[in-house]
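Enquirer: Next come the chains, spelled out residue by residue.
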Amino acid sequence: MNILIYVLLSGLLIMLIFLNKLFNHSQYIPHGHCYLWQPSLVRLHLLADFFIAIAYFSIPIMLVYFVNKRKDVPFSKVFILFSLFIICCGFIHVMGVVTLWYPVYWLSGLVKALTALVSILTAFELFPVIPLALALPSPEKLQVMNTELKKEIKDKKEAQKKLFLLNQELEDRVKKRTQEIENINNYLQDKLKIEQLIVNISNSFLAIQYEYFTDHFSEILKKISLTLNYDHSYLIFFESCCDLNEQYSFPSENETINLDQDLPIIVDDMQGLIPIIYNINHGHNHQKLSQQPYVIKHNINSILAIPLVVKGTLNGVLIFSCRHENSMENSVELDNLTLIGDILVSAIASYGMNKKLQNQNQELKRSNEELEQFAYVASHDLQEPLRTISNFTDILKEEYGDIFDDTGKEYLDFIVSSSFKMKLLIKDLLALSRVDRKQDIFVVTNLNDVLREVKIMLDNAIERKNAIIECENLPAVQGDKVQLTQLWLNLISNALKFNQLDKQIKIKIGVTSQDNYWLFYIKDNGIGIKSEYKEKIFVIFQRLNSRYEGTGIGLALCRKIVNRHGGQIWVDSEVGKGSTFYLTMPKIHNLNFTI
Amino acid sequence: MKLLNTPVDILLVEDSHTDIILMRKMLSMADTPNNLHVVEDGVEAIAFLRNQDNPKPHLILLDLNLPRKNGREVLIEIKKDDNLKIIPVIILSTSDSETDILNCYQHQASCYLTKPMSLKDFHQQIKLLEQFWFNLVQYPDLTA
Chain A
1 MNILIYVLLS GLLIMLIFLN KLFNHSQYIP HGHCYLWQPS LVRLHLLADF FIAIAYFSIP
61 IMLVYFVNKR KDVPFSKVFI LFSLFIICCG FIHVMGVVTL WYPVYWLSGL VKALTALVSI
121 LTAFELFPVI PLALALPSPE KLQVMNTELK KEIKDKKEAQ KKLFLLNQEL EDRVKKRTQE
181 IENINNYLQD KLKIEQLIVN ISNSFLAIQY EYFTDHFSEI LKKISLTLNY DHSYLIFFES
241 CCDLNEQYSF PSENETINLD QDLPIIVDDM QGLIPIIYNI NHGHNHQKLS QQPYVIKHNI
301 NSILAIPLVV KGTLNGVLIF SCRHENSMEN SVELDNLTLI GDILVSAIAS YGMNKKLQNQ
361 NQELKRSNEE LEQFAYVASH DLQEPLRTIS NFTDILKEEY GDIFDDTGKE YLDFIVSSSF
421 KMKLLIKDLL ALSRVDRKQD IFVVTNLNDV LREVKIMLDN AIERKNAIIE CENLPAVQGD
481 KVQLTQLWLN LISNALKFNQ LDKQIKIKIG VTSQDNYWLF YIKDNGIGIK SEYKEKIFVI
541 FQRLNSRYEG TGIGLALCRK IVNRHGGQIW VDSEVGKGST FYLTMPKIHN LNFTI
Chain B
1001 MKLLNTPVDI LLVEDSHTDI ILMRKMLSMA DTPNNLHVVE DGVEAIAFLR NQDNPKPHLI
1061 LLDLNLPRKN GREVLIEIKK DDNLKIIPVI ILSTSDSETD ILNCYQHQAS CYLTKPMSLK
1121 DFHQQIKLLE QFWFNLVQYP DLTA
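Protein sequences appear in the order of chains A and B. According to this note's numbering, the first sequence is numbered sequentially starting from 1. According to this note's numbering, the second sequence is numbered sequentially starting from 1001.
The set of hints was computed from the structure by calculation and includes no laboratory data. Any given hint might turn out to be false.
Stated by the list, open to error - Under the rule of at most 30 Å between Cα atoms (straight-line distance), these lysine-lysine pairs were calculated in the DSBU-like manner:
(1) A:K69 to A:K150
(2) A:K397 to B:K1069
(3) A:K427 to A:K356
(4) A:K423 to B:K1069
(5) A:K503 to A:K577
(6) B:K1069 to A:K427
(7) B:K1120 to A:K421
(8) B:K1069 to A:K421
(9) A:K455 to A:K311
(10) A:K397 to A:K421
(11) A:K523 to A:K503
(12) A:K162 to A:K191
(13) A:K423 to B:K1127
(14) A:K409 to B:K1127
(15) A:K423 to B:K1085
(16) A:K397 to B:K1025
(17) A:K421 to B:K1025
(18) B:K1025 to A:K427
(19) A:K421 to A:K506
(20) A:K409 to B:K1120
(21) B:K1120 to A:K423
(22) A:K465 to B:K1120
(23) B:K1025 to A:K409
(24) B:K1069 to A:K497
(25) A:K297 to A:K311
(26) A:K577 to A:K530
(27) A:K497 to A:K481
(28) A:K427 to B:K1127
(29) B:K1025 to B:K1069
(30) A:K157 to B:K1120
(31) A:K481 to A:K534
(32) A:K409 to A:K397
(33) A:K506 to A:K534
(34) B:K1069 to A:K455
(35) A:K508 to A:K530
(36) B:K1120 to A:K427
(37) A:K421 to A:K481
(38) A:K175 to A:K162
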């Protein structure tokens, strides 16, 4: 600490000694003495030194200002050193003024030494700069360079212009190409649009229900018009099919066009059965068309006409018109619209066919229903009086039997047996008429159970006739148990009934599996059926043999029951050997019965 | 109460004269004493039942096919009427259609019989009817 203070103090002392020495002027004679204090000489030196100092101080200010402003000027460091050097020189001259009166020669010497240092530094800095400064172009050179530069700029500009033109050309080409691509794109899009339209229309016909069919045409015209940008569309049939209108249009509020009056040319042209595009203002051929009232009235510019051809004859026309020029690639549009025309024609044909079929079907259904209703009512109402007849004949026999002689009693027996036959007849007829009247109550029915019941029902007859019935294990089917019982009852009773007197009755019942159905058979060794009657036996009231009792309804009933169960029945037979009845029934679909 | 010695009041609703004769004949031969009241159509049947002067029948034998108001309608009307619905209604019809049968039971018929085709069967049917409905079943005491 003490040392530090000592050092500081001694430093301060040295400084004071130095400063004292520096500003000490007591030992020296002022410079004015050299001039013998001649006022004019002193004044001369004073003024000269003063102005030199002023000048020397102002020059660096300007230099610094210049360097500061002109940042681009090279060698700015040299400029700064110069400024410093000039300031130092300025101080030398200030000292010259001071020493006139105060002889601080140490200070003045120090300033000189400082100036010397700065000047040497400047000289050192300046030395390497000289060649560089020399290399700086002269104004003449600059002039030349400038000219060259101007020329260069001009060339560049020209090149630029060329480039610009080239660019423009390129741009034009790109634009043109883009336009081309756009056109192709538009064309493809249009094509896609029209193809989608066709698919759409074609599908719509598949999905449409027939009751909405007639309204559907307006809907289709609307679709076409909106997709292909037509102003008016018409669908005109020359001969209206079924209940279709003769003309459809879109927009529907359009005044209808009168083909014979407004557009007879189109009708004429359509006789060729080829679709046509009329661009009215472009083609000279269409001058006549441009005079047509429709074209004038609606300011029509193009018309497309598609013939609707049915079996080679013109059956109608599909007409589209627009106020603008038709822009679509004509052939594509025409081809596709022709396709639409074909779709319409075939849709109409199928509609007509379906309608006809539907009507026939309805008619058939109605007449069938009427017939069943008739059979039902008739057999029902027949039963009442028959019951009375049979009941009162019984009463007659019981209570008044004594009054009748043998012939009378025989007549009474005729009445009784006839009414019994009639009873059977009515019962069968009623059963027959009821087959389809019943609501579907199909359940899984085990045919083994059915056959067991039938055998019990026929127990007496089987025993009496000493018949052998062999029966394979039968599958279950989906059906109406009552009707299935009736079916097998009829089949087995027939087999029992139509036997050959000298043979023991043998009946075999079996089944084979086919693809989707079971094939059942019942084979007997009875009298057989002549081949010409194979079909007839299934017709109601067809009896072949009066020796055997029967109503002639049994097999008709069988066929009806089998048909109602989705199957078929037929017979294979040889006279004297026996008959085999075959019947099919659908198999129960596995899926329905996995539970 | 059982109808052992009290005469049974039966209302027969039937339009067929021969059936009426038969029914009369059969019931006259029955062991149980009975009063058979006969009306020939549905309208008359309802009128008979609603008339306070008439005895309230123990049983109604109802045919289905009737003029003016058919048997089904009569059945429905009886079963809707608080005073009448306790009376057992036996349907006697020629029809053996399943729809008819189901329909009658749905409307609370007591039982459904098909008119037999032979006198013998008819006889048998009435006998069974007599045994069951006259002798076996209990009736509410309407006088109480």
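Enquirer: State for each hint whether it applies.
Expert: These are the hints, each one checked on the structure:
1. A:K69 to A:K150: holds (27 Å)
2. A:K397 to B:K1069: violated (36 Å)
3. A:K427 to A:K356: This hinted pair is violated, its Cα atoms lying about 37 Å apart.
4. A:K423 to B:K1069: The hint holds at about 28 Å.
5. A:K503 to A:K577: holds (10 Å)
6. B:K1069 to A:K427: holds (27 Å)
7. B:K1120 to A:K421: holds (17 Å)
8. B:K1069 to A:K421: Distance of about 33 Å is beyond 30 Å: violated.
9. A:K455 to A:K311: Judged against 30 Å, a Cα distance of about 62 Å means the pair is violated.
10. A:K397 to A:K421: This hinted pair holds, its Cα atoms lying about 19 Å apart.
11. A:K523 to A:K503: holds (15 Å)
12. A:K162 to A:K191: This hinted pair is violated, its Cα atoms lying about 42 Å apart.
13. A:K423 to B:K1127: This hinted pair holds, its Cα atoms lying about 24 Å apart.
14. A:K409 to B:K1127: holds (28 Å)
15. A:K423 to B:K1085: Given pair A:K423, B:K1085 is violated - Cα atoms ~36 Å apart, limit 30 Å.
16. A:K397 to B:K1025: Holds: A:K397 and B:K1025 sit about 15 Å apart, inside 30 Å.
17. A:K421 to B:K1025: holds (26 Å)
18. B:K1025 to A:K427: holds (27 Å)
19. A:K421 to A:K506: holds (28 Å)
20. A:K409 to B:K1120: holds (18 Å)
21. B:K1120 to A:K423: Given that 30 Å is the threshold and the Cα spacing comes to 15 Å, the pair holds.
22. A:K465 to B:K1120: Holds - the C-alpha atoms of B:K1120 and A:K465 are around 27 Å apart, at most 30 Å.
23. B:K1025 to A:K409: holds (23 Å)
24. B:K1069 to A:K497: Violated, at about 46 Å.
25. A:K297 to A:K311: violated (35 Å)
26. A:K577 to A:K530: Measuring from Cα to Cα gives roughly 11 Å; hence the hint holds.
27. A:K497 to A:K481: Roughly 24 Å separates the two Cα atoms, so the pair holds.
28. A:K427 to B:K1127: holds (25 Å)
29. B:K1025 to B:K1069: holds (26 Å)
30. A:K157 to B:K1120: Violated, at roughly 134 Å.
31. A:K481 to A:K534: holds (27 Å)
32. A:K409 to A:K397: Judged against 30 Å, a Cα distance of about 8 Å means the pair holds.
33. A:K506 to A:K534: With a Cα-Cα distance of about 21 Å, the restraint between A:K506 and A:K534 holds, given a limit of 30 Å.
34. B:K1069 to A:K455: violated (44 Å)
35. A:K508 to A:K530: holds (21 Å)
36. B:K1120 to A:K427: holds (19 Å)
37. A:K421 to A:K481: holds (26 Å)
38. A:K175 to A:K162: Distance ~19 Å between A:K175 and A:K162 Cα, so the pair holds.
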